[in-house]
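Under our numbering, the sequence shown has 80 at position 81, and the numbering climbs by one with no breaks.
Just so you know, these hints were derived from the structure itself, not from any lab. Beta carbons are placed, not taken as given, at the ideal position from N, Cα and C, and that holds for glycine.
Calculated cross-link-like contacts (lysine to aspartate or glutamate; reagent style DMTMM-like; alpha-carbon spacing at most 20 Å):
| hint | residue 1 | residue 2 |
| --- | --- | --- |
| 1 | Lys32 | Glu20 |
| 2 | Lys32 | Glu13 |
| 3 | Lys17 | Glu81 |
| 4 | Lys17 | Glu6 |
| 5 | Lys25 | Glu81 |
| 6 | Lys47 | Glu26 |
| 7 | Lys17 | Glu41 |
| 8 | Lys17 | Asp39 |
| 9 | Lys23 | Glu79 |
| 10 | Lys47 | Glu81 |
| 11 | Lys23 | Glu41 |
| 12 | Lys32 | Asp57 |
| 13 | Lys23 | Glu4 |
| 14 | Lys32 | Glu4 |
| 15 | Lys47 | Glu79 |
| 16 | Lys23 | Glu13 |
| 17 | Lys47 | Glu6 |
| 18 | Lys47 | Glu20 |
| 19 | Lys80 | Glu46 |
| 20 | Lys23 | Glu33 |
| 21 | Lys23 | Glu81 |
| 22 | Lys12 | Asp39 |
Ranges of calculated distance between the beta carbons of each label pair, as one might list FRET restraints:
| hint | residue 1 | residue 2 | range |
| --- | --- | --- | --- |
| 23 | Val15 | Ala72 | 32 to 38 Å |
| 24 | Met0 | Ala70 | 29 to 35 Å |
| 25 | Cys60 | Pro37 | 22 to 28 Å |
| 26 | Val15 | Ala83 | 16 to 22 Å |
| 27 | Ala83 | Met9 | 25 to 31 Å |
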Amino acid sequence: MYLQELELPMHLKELVGKHIEFFKSKERRVRLKEFLTPDDGENAILEKMLAVVFNVPDVNCISFLLAHFNAFAQGDDTIEKELARLGGTKTTQ
Numbered sequence: 000m001y002l003q004e005l006e007l008p009m010h011l012k013e014l015v016g017k018h019i020e021f022f023k024s025k026e027r028r029v030r031l032k033e034f035l036t037p038d039d040g041e042n043a044i045l046e047k048m049l050a051v052v053f054n055v056p057d058v059n060c061i062s063f064l065l066a067h068f069n070a071f072a073q074g075d076d077t078i079e080k081e082l083a084r085l086g087g088t089k090t091t092q
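Hey, can you work out the whole structure from these sequences and the hints?
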C-alpha cells in the first residue's frame, strides 16, 4: 500500500517493512513524497526519510546536524525521541 502511494518499486518493500513506523504517518509520507525522484535507490530514500524527521528543506548531513544541534541547544528532545521511536538511535534514561 505505501509503495503504491509513494510510487516506489516493489524491490523496496523490505525497506518499507524495516521502517514501518516511519511510513505509518501520513504526514511523513506526504513530506517524503515531496523529496522522492523516480531513480532514488534505498540509500537516497533513507537520507530523504532523515530530512523528513529532521524537518529540513534539503537532504544533506549539514542540515541534519544543524537541526539536531539547534534542537539540543534549545533543550528540545523531539528529534532525539523521534529517531529513537523510529529505530534510528537508542536513548538513555
